[in-house]
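A.B. asks: What follows is the residue order along each chain.
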Amino acid sequence: MDEEFDFRLICEHLPMGLFVLDAERRIRYWNEWLAEKSGISAQQAAQQRLEDLFPGWSNERFQSAVGQAIDYRIPHVLSQALNRLLLPIKVPLSEHYGVTLMQQKVSVLPLSGSAGSHCALVIIQDVTETVVRAAAANDVMRRFREVSLRDPLTNLFNRRFMWEWLAQKLKDATRDNTSLACLMIDLDRFKRLNDSLGHQRGDEILQAFAVAVMAQLRESDILVRYGGEEFAAFLPRCNLQHAIVIAQRIRQDVRAMAIADLEPGTVTCSVGVALYDPQQSPKDAEALLREADQRLYAAKRGGRDRVCPDDDGAVTDDGGNFHRG
Amino acid sequence: MKLTDLQRDALGELANISASRAAKQLSLLLSDTIDITVPRVEILPLPELRERLTADGDGTIASVYQVLSGALQGRVHLIFHNRDSKALIHALICEAGPMLAEALREYEHEAMTEVGNIIIATFATMLADLVGAELKLSLPYYTEGTVEELLFRLPVADEVEEMVVVVIETVLHAAQRDVSGTLMVVLKVNSAEELLARIDAMLQQFGGDV
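If you read the protein sequences in the order shown, they are chains A and B.
Per this note's numbering: the first sequence = residues 19 to 343.
Per this note's numbering: the second sequence = residues 32 to 241.
Just so you know, the hints here were simulated from the structure itself, not pulled from any lab data.
Using N, Cα and C, we set each Cβ at its ideal position, and we do this for glycine too.
Some hints could be false.
Unchecked claim - Here's a subset of chain A near chain B, in silico, CB distances under 7 angstroms, partners left out:
| id | residue |
| --- | --- |
| 1 | 79 |
| 2 | 109 |
| 3 | 238 |
As the list claims (entries may be wrong) - Which chain A residues stay away from chain B? Per the calculated CB distances, all over 10 angstroms, these:
| id | residue |
| --- | --- |
| 4 | 26 |
| 5 | 34 |
| 6 | 37 |
| 7 | 70 |
| 8 | 132 |
| 9 | 133 |
| 10 | 152 |
| 11 | 165 |
| 12 | 188 |
| 13 | 220 |
| 14 | 319 |
What the hints assert, rightly or not - Distance ranges between label pairs, derived from CB positions:
| id | chain 1 | residue 1 | chain 2 | residue 2 | range |
| --- | --- | --- | --- | --- | --- |
| 15 | A | 181 | B | 63 | 44 to 54 angstroms |
| 16 | A | 147 | B | 62 | 18 to 28 angstroms |
| 17 | A | 143 | B | 177 | 24 to 34 angstroms |
| 18 | B | 180 | A | 21 | 47 to 57 angstroms |
| 19 | A | 165 | B | 75 | 35 to 45 angstroms |
| 20 | B | 170 | A | 41 | 13 to 23 angstroms |
| 21 | A | 143 | B | 62 | 22 to 32 angstroms |
| 22 | A | 33 | B | 170 | 18 to 28 angstroms |
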């Protein structure tokens, strides 16, 4: 190729930031793109250090990359993933997803000056759009995931969430040596109410019931719609006695409330309480739920509208034939 | 070509020094305590690597490499041994919660490229000091593929049979997990001879028996 081009002009037209630092870390070149994006002209930038242009600026990773480029002729990349950005340049329009500064992918390359001096060429690529797009996609996914983990009628968590959550919480409980309580809660004779009042009223009962139970739980507890009219509450860092107190409160509250505008006492519930205690025989999530479920059965057999174990911690169950409901 | 015990010790020592420098930089970048150790160094002909490298379950390995020219010719690879390395990067960069697989992969590759770049560059500066001449390194490239693709079929023109590899086992401890990798300096035979001659000279200077 025998034609001589004006490479400085080419650099001015490149849609990316280019600047050159000399061995004293002073700016020797600053292209038009950078001037436009940063509002700092080539004239203003000339012979300045980055910390002069951007007060308070410091970046050890970048300085060491520049040092290696100048002293050893070794190039470096500074990824957006690990560095976010090099120069604080505001992005105008999009403040989406918390992105207010231009996200940058940076390359630092060795460059020789005309007099044989060693410099570093810094190339800045604006990757803000990619980052915002990824954040938007992640947001959609997060929302989708959130939806897929909830029951649409009550907006409570579903079983899928429960298994994930429980696996983690049982691990935490074992590590921290704390207990975790499970309350299996079932509406008494719900099928009868649903059949006599209609499905829509049945749904309203379930919704109002969920709200009533939630009111008795702490922020760290979760309530799951386990089945049709069956709910499971999980209380981390809670002993059996306290769990029984909470269960009784839920039962009494539900009995006293005009749930879905029905006479108080129309809607009642039974609760089976079980405990995961790392000190006791090792139990897994399935075993914990099985035990809570067995106690719920016992409460139902005992006449409904009750908690098992009772306030004294006793599990009484006559074990007779019984139809759950 | 074989390493004498002294050469191996010297290379191991140099690799450890550069590893601790790289670890310092990585700790700063990742806001985590990173520690790098080099348990083993050896030299072998490139073709012998085929049997040494084990790929992941799907038959692939991940590597970052930079092409070496100037006083020493060849390339420096950082091979990440297992999926743990991805998990590590994932843990370090993904405080933002769940991410789409595609976006996450891009993040991972970018981050691994930079981590590889830091480790390779620190080692290369040490090599440059040792050889006492200018080395040129390309920008880092991230590649995933089979052992064959990554080491024997790169676009860089290599005569596989005439290359030797300085294999530097590298273990990176971070974020409560250990990730192991291998730093591999693939050199033309004459460059490897040059490197060993420099090591011998250094040993002599410090009064070692060569």
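A.B. asks: Flag every earlier hint the structure violates by its number, smallest first.
C.D. replies: Hints 2, 3, 10, 15, 18, 19 are the ones this structure does not satisfy, whereas the remaining hints hold.
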